[in-house]
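K.L.:
Now for the letters of each chain:
There are 2 protein chains.
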Amino acid sequence: MSRFKVAEMPAAPGMAIMVEGERNPSLYSVLSGWGFRYKILEDGRRQILNYVLPGDLIGLQGNVMKEMQHSVEALTKMTLCIFERDKLPTLFRDQPTLAFDITWIAAREESMLDEHLLSIGRRNAQERAAYLLAFLDARAQATVGGHQEHRQLPLTQQHVADTLGLSLVHTNKTLRKLAEQGLVRWLDRGCEVVEIEGLYRLAGWRPPNETGRPFI
Amino acid sequence: MSRFKVAEMPAAPGMAIMVEGERNPSLYSVLSGWGFRYKILEDGRRQILNYVLPGDLIGLQGNVMKEMQHSVEALTKMTLCIFERDKLPTLFRDQPTLAFDITWIAAREESMLDEHLLSIGRRNAQERAAYLLAFLDARAQATVGGHQEHRQLPLTQQHVADTLGLSLVHTNKTLRKLAEQGLVRWLDRGCEVVEIEGLYRLAGWRPPNETGRPFI
DNA sequence: CGGAAACTTGAGTTACGTCAACTACCGTGG
DNA sequence: CCACGGTAGTTGACGTAACTCAAGTTTCCG
Chain B
1 MSRFKVAEMP AAPGMAIMVE GERNPSLYSV LSGWGFRYKI LEDGRRQILN
51 YVLPGDLIGL QGNVMKEMQH SVEALTKMTL CIFERDKLPT LFRDQPTLAF
101 DITWIAAREE SMLDEHLLSI GRRNAQERAA YLLAFLDARA QATVGGHQEH
151 RQLPLTQQHV ADTLGLSLVH TNKTLRKLAE QGLVRWLDRG CEVVEIEGLY
201 RLAGWRPPNE TGRPFI
Chain F
1001 MSRFKVAEMP AAPGMAIMVE GERNPSLYSV LSGWGFRYKI LEDGRRQILN
1051 YVLPGDLIGL QGNVMKEMQH SVEALTKMTL CIFERDKLPT LFRDQPTLAF
1101 DITWIAAREE SMLDEHLLSI GRRNAQERAA YLLAFLDARA QATVGGHQEH
1151 RQLPLTQQHV ADTLGLSLVH TNKTLRKLAE QGLVRWLDRG CEVVEIEGLY
1201 RLAGWRPPNE TGRPFI
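Keeping their order, the protein sequence lines are chains B and F.
So the first sequence is numbered by the working numbering: it starts at 1 and just counts up by one.
So the second sequence is numbered by the working numbering: it starts at 1001 and just counts up by one.
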């Protein structure tokens, strides 16, 4: 893989890593930190599509489609690994195993989007919030491997609202209820998961166990 | 590609092509007809994730993940092309161009799911309905190539409701309003698009122009 | 220490959901 | 031929989850 690596790049919180409409952007993989993908309607309504964590690819779509259909922003301090664009066909020719890993990652992304769609389409506010926090906690645990003591998610309530498709006010009231039930604790700009099992139960969801996961 | 083709298979409307939880299902490509992917919650709430049309792959996820995370059902009469499972690694080794096409299709699916997520999360009922019908019309036009006179979509209002994350009753009232505006006409289990530009305008959306699209 | 960003809270509004009919349109079988 | 049962679509009355507006408080950061 190192043959395709160009450089590493840091990104500060709030930084735009990729913007909708961009043509042929670089291809990145996330080495550390959190980011999120989103789209906005003309009048400013924003929908967060998914979060990117270490091991995820950013910009694959732009290398395959004509232009990027979504934007990506850093949530925390991140470090990215930049790959040479235009080298994707070469990679597919010379590194079939890596190519398969890329497809694996794309299929997993699709699977996550399916879950989110189910959540936003058919779950109510509490279930949605519980699902999102459980989902992010599971991803965070999976990336560090093993279990963390402080299960903290680096989001603001505005991010949660824009992910769940709810208003900020209603999101706040919903999160408050989860906190009253002792499932989470809301910190300054972040959320600490206290009772993961309670979240699973409320959401009616459990994380899939990922086997054979590649890390690019 | 024919080296990996096993057989063709017809599917009748309503037939379950693939069910959630299935392990290592076959990999299909759609030769003709319409189907849809969906997930259901334990209490029966259903969310349609996307529609599958000619040229789409079915079951890639199951060949990459441990088991299928969603179900697929035929909407119309379909013909499917069955590929030999377990041959995916071989294909990636021997047919890099085909492998790239598969990734291309996966990336496009992801792009469509992004759009749906934006729609369900941030658009109101009318905008959502307009978007969905415009989206499906665009896909239908793209698969036949050129322009059809009768732009008919083979759905029931229940399908529309389960795609938009709305109740059946509210979906009906919303579609009625679109019909009153002369944008669509609702037939017996199907919808005819009358004023595609009006739908685009209402949805605030236009179909992307797909270049270099592979057909497997 | 001042200003901005994040979080809270209450009051009033609305879009969408639920319930409960009813009509229309089949295809099937008596 | 008509009775029928099932699916799809339609409509009105009413309930409620979530939205908007508006005003706070708290926390962070320069």
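Be aware that a few hints might be false.
[What the hints assert, rightly or not] Selected chain F positions facing chain B (in silico; Cβ < 8 angstroms): (1) Gln1047; (2) Pro1089; (3) Gly1121; (4) Arg1122; (5) Gly1165; (6) Leu1168; (7) Val1169; (8) Phe1215.
[What the hints assert, rightly or not] Lysine to any residue pairs mimicking SDA-like chemistry, simulated, CA-CA at most 25 angstroms apart: (9) B:Lys77 with B:Thr90; (10) B:Lys66 with F:Thr1211; (11) F:Lys1005 with B:Glu20; (12) F:Lys1039 with B:Asn124; (13) F:Lys1077 with F:Gly1204; (14) F:Lys1087 with F:Arg1122; (15) B:Lys66 with F:Gly1204.
Derived by calculation from the structure, the hints in this document are not laboratory data.
Positions of the beta carbon are idealized from the N, C-alpha and C atoms, including for glycine.
K.L.:
At a threshold of 8 angstroms, is the proposed contact between F:Gly1121 and chain B supported by beta-carbon distances?
P.N.:
3 angstroms, holds
K.L.:
Hint F:Leu1168 vs chain B: min CB-CB distance below 8 angstroms?
P.N.:
13 angstroms, violated
K.L.:
Need the status of pair B:Lys66, F:Gly1204: alpha-carbon distance at most 25 angstroms?
P.N.:
20 angstroms, holds
K.L.:
Check whether the Cα positions of B:Lys66 and F:Thr1211 lie no farther apart than 25 angstroms.
P.N.:
Holds, because 7 angstroms separates the two Cα atoms, which is no more than 25 angstroms.
K.L.:
Using 8 angstroms as the Cβ threshold, decide whether F:Phe1215 counts as touching chain B.
P.N.:
15 angstroms, violated
K.L.:
Measure nothing beyond the straight line between the CA atoms of B:Lys77 and B:Thr90; if it is 25 angstroms or shorter, mark the hint as holding.
P.N.:
31 angstroms, violated
K.L.:
Against chain B, run the beta carbon of F:Pro1089 and see if the smallest gap drops under 8 angstroms.
P.N.:
6 angstroms, holds
K.L.:
Does F:Val1169 pass the interface hint, meaning its C-beta sits closer than 8 angstroms to a C-beta of chain B?
P.N.:
Because about 16 angstroms separates F:Val1169 from the closest Cβ in chain B, which is outside the 8 angstroms limit, the hint is violated.
K.L.:
Holds or violated: F:Lys1087 and F:Arg1122, Cα atoms, limit 25 angstroms.
P.N.:
41 angstroms, violated
K.L.:
Minimum Cβ distance from F:Gly1165 to chain B below 8 angstroms?
P.N.:
3 angstroms, holds
K.L.:
Can we keep the F:Gln1047 interface hint, with Cβ of chain B closer than 8 angstroms?
P.N.:
Constraint on F:Gln1047 satisfied, holds at 4 angstroms.
K.L.:
With a cut-off of 8 angstroms on the beta carbons, see whether F:Arg1122 makes it to chain B.
P.N.:
4 angstroms, holds
Hints 6, 7, 8, 9, 11, 13, 14 from the earlier list are contradicted by this structure; the remaining hints agree with it.
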